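Build out the structure end to end from the sequences listed, making use of the hints.
Respectively, the protein sequence lines represent chains A and B. Number 75 in my numbering belongs to position 75 of the first sequence; there are no gaps in the numbering. Number 785 in my numbering belongs to position 265 of the second sequence; there are no gaps in the numbering.
Treat the hints as calculated values from the structure; they're not laboratory data. Not one of these hints is a red herring.
Calculated lysine-lysine pairs in the DSS-like style (CA-CA distance at most 30 angstroms, straight line):
| # | chain 1 | residue 1 | chain 2 | residue 2 |
| --- | --- | --- | --- | --- |
| 1 | A | K168 | A | K67 |
| 2 | B | K554 | A | K162 |
| 3 | A | K67 | A | K162 |
| 4 | B | K587 | B | K688 |
| 5 | B | K682 | B | K587 |
| 6 | A | K34 | B | K682 |
Please read these numbers as outputs of a predicted model, since none were measured by experiment.
2 protein chains.
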Amino acid sequence: MKDERGKPMQLISIIPDFQPLNDGRLLDKAEAFKPALHYAACSAPASCRLNGDDITPAALTDRSLAKGDQVVLDFGCHLVGRLTLELGCAGSHQDAPAYIQLDMAEIAAELDEDADRYQGWLSRSWIQQERLHVDLLPARVALPRRYAFRYVRLTVLDTSPKYQLVLKGASCVAESAVNMDALPARSFADDRLRRIYEASLRTLADCSQLVLEDGPKRDRRLWLGDLRLQALTSYVSFRSYGLIKRCLYLFAGTRFPDGRMSANIFTDGTPVADDTYLADYALMMLPALDEYLAETGDREALDDLLGPALEQVDYVLGHCLTEQFAIDEACGESSFIDWCDGLDRRAAVQGVLICALDAAASLCARAGDHGKQQHYANKAADLRRAAREQFWSDERHCFVSGGQVSVHSQVWMTLANVTCGQEAAMAMEIALSAGEVRMGAPYMHHYYVMALLQAGCRDKAEAHLREYWGGMLDAGADTFWECWDPADPGASPYGGVIVNSFCHAWSCTPAYIIDRFLSD
Amino acid sequence: MKDERGKPMQLISIIPDFQPLNDGRLLDKAEAFKPALHYAACSAPASCRLNGDDITPAALTDRSLAKGDQVVLDFGCHLVGRLTLELGCAGSHQDAPAYIQLDMAEIAAELDEDADRYQGWLSRSWIQQERLHVDLLPARVALPRRYAFRYVRLTVLDTSPKYQLVLKGASCVAESAVNMDALPARSFADDRLRRIYEASLRTLADCSQLVLEDGPKRDRRLWLGDLRLQALTSYVSFRSYGLIKRCLYLFAGTRFPDGRMSANIFTDGTPVADDTYLADYALMMLPALDEYLAETGDREALDDLLGPALEQVDYVLGHCLTEQFAIDEACGESSFIDWCDGLDRRAAVQGVLICALDAAASLCARAGDHGKQQHYANKAADLRRAAREQFWSDERHCFVSGGQVSVHSQVWMTLANVTCGQEAAMAMEIALSAGEVRMGAPYMHHYYVMALLQAGCRDKAEAHLREYWGGMLDAGADTFWECWDPADPGASPYGGVIVNSFCHAWSCTPAYIIDRFLSD
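The structure is reproduced here in structure tokens:
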């Protein structure tokens, strides 16, 4: 989904004269649920290469590294944390600083890209590359920044003609709000499913930091659409209720002056809403809160968050509908749904809105406000009717949005119960065959699987999960990726995979799907 | 002076199986004289340029800096110290790290060089360039390393499409073991001389750190030949007796197992002698110690350092002479004298040795050991005779070393009193006219001026001082340089002026010369 400048729209939909408006009471509660991080030491890489040749980590500590030498350390799995290098000196006494470059990479392919030639539109500042001068050897160099990586490449930019560098050791302290080792053992139908499940949870674990980040490499930020999926996956695994509550409060506590929630929040320092509004992301607050309450029965959260959540549906109901109760063009364009060039989003957003209204009714029921419950239930019914009238094509046997047949429309009409069963399954088949637009991000693939399940196509859902997320494993994933198109494995929405995130929240749901829907 | 690989010899004359041998008693005394540094805050640059245009420092703090923007800060004079940047943010909230490059330069011309294209043989790690990621703005970025600079260039490598960087402030805390402001006011014959004098003392001040460094940008190390000149200049200005004593003890405390002193010592961390021996540098210990005692009458230093100092002449007397009592070829080649391709150093080193023997006799007299005093005086006389016999050419009316007529030979034969007066002056004239080899480094130009003075050519000495060091001022110097050839102002012995040192100990002597020899 790109605007005329080729940039994904949701990242440039800046709100004019944006003023954040923080609610101190809600943010204080968010602060109170800031998690203590769990630290895990990884004292050595699992394997190494020196100038392209395999070498044992032990043998590497005896090798003198001269200008131009390159060492690649493989820590064996994806990590989020801090790196420490033990550097020594060989030859004469060090007579000039050591100058090294470090490239941290989540997947090996990142190391093949030349950071200096990156021309993508996303900031090159996300590239995990550092150049360091070490004035005095031996030295223990503890890098202050946090990285997401499995691989670390050290390039000796220079020593001097008189001495060489020795890499005596490299270690990492991984950081996460959760501890994968504390999860109980679990059995699986087969090893493939086990691997998908574990990569899913590692993805969630590595995104679980002081907030539920979208990606620990990039953007390291709390996004509302991603949060819902992380929370669902957490309910079948880490059960990080405090962290999820904190994130819900952060969105409620940083609303725009008109009540809308931002698509994402900056949480490093004082929480600040980004000046980006995505209607479908804001609407996700309602199912996210309803699901959280179903898990926890947290009355305080209901009391505090119901009002802010309802503002999200009220805003869309009040500002974004046509006279025929269909999502209008502007709202479609300020929504995300998927990375998908040329997608007409109206039907899909209509589906999201209906799901949000169902959740609103459920939330009001939890609060004992049956008047409002009925109000939102009625709205949901109205919008289902409108959706059927506006988007269903008897001719094409599927939903058509802005003249376009997309899987996205069918998926969200299915999830919103505008269609169901055989009709829904057929509509998705038809849209896939039509091939007018293709699904882009794992975020959309998640909802596609959910729609298949809801339409009763369990086998198809499981097959898609195994094929799509399993495909990332086959391509070398330890954690699931921000972008994955099996037909174009090297694709980047940013103009360079070196800035892609290879551990991304919205890809973490297989464990949730396996646990809740694919386990007999 | 380069070997077959084009590298200055003295930097690669590695001693095989070198083993340092530290004397704890002497090094403890050296440690006791480690100076407390004087810190001076420089709270803002004097002037700035933004993308090539002048801008006031105040106006700069309001400018938004986007990818590719360059700011050059001019702090108005050469500084040695730590840099702090105050960075702010404009536009939307910072949604990616800020990625900046800083280039610190002693002179403006360094900024014209592309560090990534530097191909010189000296380590590129000396180039004062840093790349930094700033994850959270606003930020106070205090750079941990020390730099020698007048100019700081900040290049915005990237922000993001949504925000820009603001340089709210830049400040420096200068470090030195001395305080220029504490010197008494002084009058000068003219402004030119005043400027030369002041740049000379600023050079010494900026090199005066925890030891008397050769250059605060590079190599930041204690060199024996440089130390002597720094000490002489200090005696007419800062009178850093403790610091000079410390440096003398460091050389005495880190001798090789055979008693020789290294040409230089690494003093960052445990003091360690470099594995480089330069005969003329080691011999400089004797005049340096004798001059220190003439200033201070420091009996403890005499007691501790006389023995180690005498070992330097004894070694050369025992190992480096031909049967005719002339410096042998190997010793000539393991001496410095000057940066000068193809220079035959034997006559010059003979001169240095004679000066060292004179100093040895003087030191023994101070110690009351008149037997030894006579011994070294006799040796000096022998070597003067030998020098005359081996090197003087009646035909050419000057000294000839290895068939070569150089200024260097005449200068050191003059300083050693092998010749004097009119004959010495003529010999220097003849050698200059012969033009077989040219003087290279300011270190040699110092001794040339000293020889002129000794030969009674005061006007010529003053003219050369005004022309040579004044030439650096005309070329923009705030402090005097490691390299200066008026005929080739962009020369570098290293293959790139970006690694030249523009504040260098061996250039600091004009204040000494002006004070002791050019003031009536």
